[in-house]
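Protein sequence lines correspond, in order, to chains U and G. Following the numbering used here from start to finish, the first sequence increments by one per residue and tops out at 583. Following the numbering used here from start to finish, the second sequence increments by one per residue and tops out at 1100.
What the hints contain is simulated information worked out from the structure, not anything from laboratory work. There's no promise every hint is true.
Now the stretches of chain U that chain G is said to cover, found in silico as 3 or more residues with beta-carbon under 8 Å [what the hints assert, rightly or not]:
1) 63 to 76
2) 182 to 194
Among the chain G residues that face chain U by a calculated CB cut under 7 Å, a handful are [unchecked claim]:
3) SER1063
4) SER1067
5) ASP1068
All C-beta atoms, glycine included, are put in the ideal place defined by N, C-alpha and C.
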Amino acid sequence: MSRKRQVALSLLAVAIAFVGEGGFLLNRFAPFETIPLDMAVGFVTMAAGVATWSRRPGNRTGPLLYVAGAAWSLSGVWAYAVWPYWLGTPNAASFLDDALIVTGVLLMPVHYSILVYLVLGFPDGRLHSVLARIVVLAVWTVAIVIEASILIHPVDHALLVLEGLPPYPLLDAVTSYGIGLLAFVALLLLLERWLSATAAARHILTPVLASASLLAAVEVVASIARAGDWMPPDRAIFYANVVAKLSVPAAYLYILLRSSMVRSGVGDLVIDLGAPAGRPLRDALARALHDPSVEVAYWVPAYERFVDAAGAAIALPEDGSARAVTYVQREGEPLAAIIHDPLLRDEEPALVESVSAAALLALDNERLQAEVRAKLEEVRASRSRIVQAGDAERRRVERNLHDGAQQRLMTLALSVGRLRERLDGNVSPDVAQQMDLMSRELRDAIDELRELARGIHPAILTEDGLAAALDSLAERSSVPIELDLEPMDRLPEPVEATAYFVVAESLTNVAKYAEASHVDISIRRRNASLVVEIVDDGRGGAAPSAGSGLQGLEDRVSAMRGKLSLESPSGAGTRLVADIPLT
Amino acid sequence: MLDGAGFEVVGEAEDAAGAIEEAWKLRPQVVLLDVQLPDGSGFDVARSLASWRDPPVVILISSRDASDYGRRIEGSGALGFIWKGELSAATLRALIGTNR
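Only chain U is shown next, with the shape it has when bound in the complex (with noise of 0.2 Å):
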């Protein structure tokens, strides 16, 4: 909306206000003081009207509430037709009296069915309940059957109109109970609105809801004083009314106002960021944006996919969805990505707008970060990857040695020794002695080759777990061991593979040099990890050096993101601990 029609329109209602109230300054019973007060909710709602029109051009909010206001102010028009008999002299009834007592009876009932159907359907003017909109139709309905009684109703003079309403049952009904009822089932309507917003949303709604909750409260009130036959001082029902329908429209004025002061809270963040140890990135836009939900991804152009700070992938919520994303650019290159409440689009764009803008220099920094880790990340994943490969290769190979070579010489075996039985006693002694001679060597190529399988990739690890490895392992050591393993189902292939490289490579390590007479393997679950500890008593002194054993034990468990310490003092025995995540 253009500046010239926004003055316009205020100017407007400036002159519908005072026109809308002019007939009631002369009224010698009224107290002085009510004409500026209805005078400044008529005005007050317009303003609201126009400066909501311009800010949000695509709502109807903003015309809605102009009417309303124009219809608050003009309804008093009905004091112009009665204004001779306040002065003590009563003219004759005369068409033009008789028209501005219906047209100000007409408009009444316009202010607060708008107002009803404004505040339940506040921000975007949806009725979201059933029950949001049976009230809206019920307010919609009474006004239209009050309306209606009181024009049907034959009035001889204009004047009878200030007698009251007809006395009609059902309408007193209506009017007592009927409005009460529905202020209260408003009430309860926009408290579960605002208990069932989100953080962010609740931020927007407050003042909307808390103010409409104050209007329908009066009205409660009222309406229970009525039915009641107990009048409080006419006086109070009158400000509480008149205070709360000023608080609607301010609450409208108000978070317009606040939205156009969005540079202060953007300049609590560029405070925030630039402090040294400042707050965490998205903590920061998240106290901005009055949304803790807020949650950022970065732009990795390598990967062409958004990630978070952590460097992992994220999915983008879609359009349509509970998740709205404002996306953050530098030179027509995607930088990030702010996900946060929708409400903040509809409602807050200005502030978002501000906000990415502002953060723009560390959401690079921070995609910067993002982007080594999510690198890191990928580097950490392929040499996962790689020892996997590695072992489901292994495994391959030593199946292929067990179900071919070793069946073949294993059936050779059977049938030599077969032979040797049949033919027992029937050959001549260095025939014999050949034949055992076969068999020794038989035997003996049978056990290297399952040395070599076993050294390969230990085939009861794969059918039987690691307890029963590690159990194998402890068996055929050549160092007394005590093995203390913590009880626990099978675990994933590459920990359990890990777990038992890491004890055999020690082992092979203590068995080689440490001369140790004694091994502690202690194997238990901590946390989210696998804790595997070797103790020897032998001399110490180990180090990983470059292509030793140790050294690929080391990248065989940083390559499964754990962690292998080592601690051998010289003369003082080795501790070897390796920490291996479950997942």
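Model the placement of chain G on the given structure of chain U, informed by the hints.
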């Protein structure tokens, strides 16, 4: 291989479930039990057989070496273990004989 060498083969089974069923029906004196069965582990079958009131002698056999199974052989209730490459009437008799 065993028939006629002092043993009589009274029945055969293809898997763990069949082994237990046959053993229950036929009440053999000796059960040769492969460790790797299509539907489970020979150790479990051995444990199950050992829990009977009048259990058969169970000899575990495998194409893998005894050291691959470690203490699990002792824990299964089986009398002993023979590597398949050495399985013959003589080794079987020797094992049963030394333990009886």
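Would you list, in rising numerical order, the hints stated earlier that this structure does not obey? Numbers 1, 2, in rising order.
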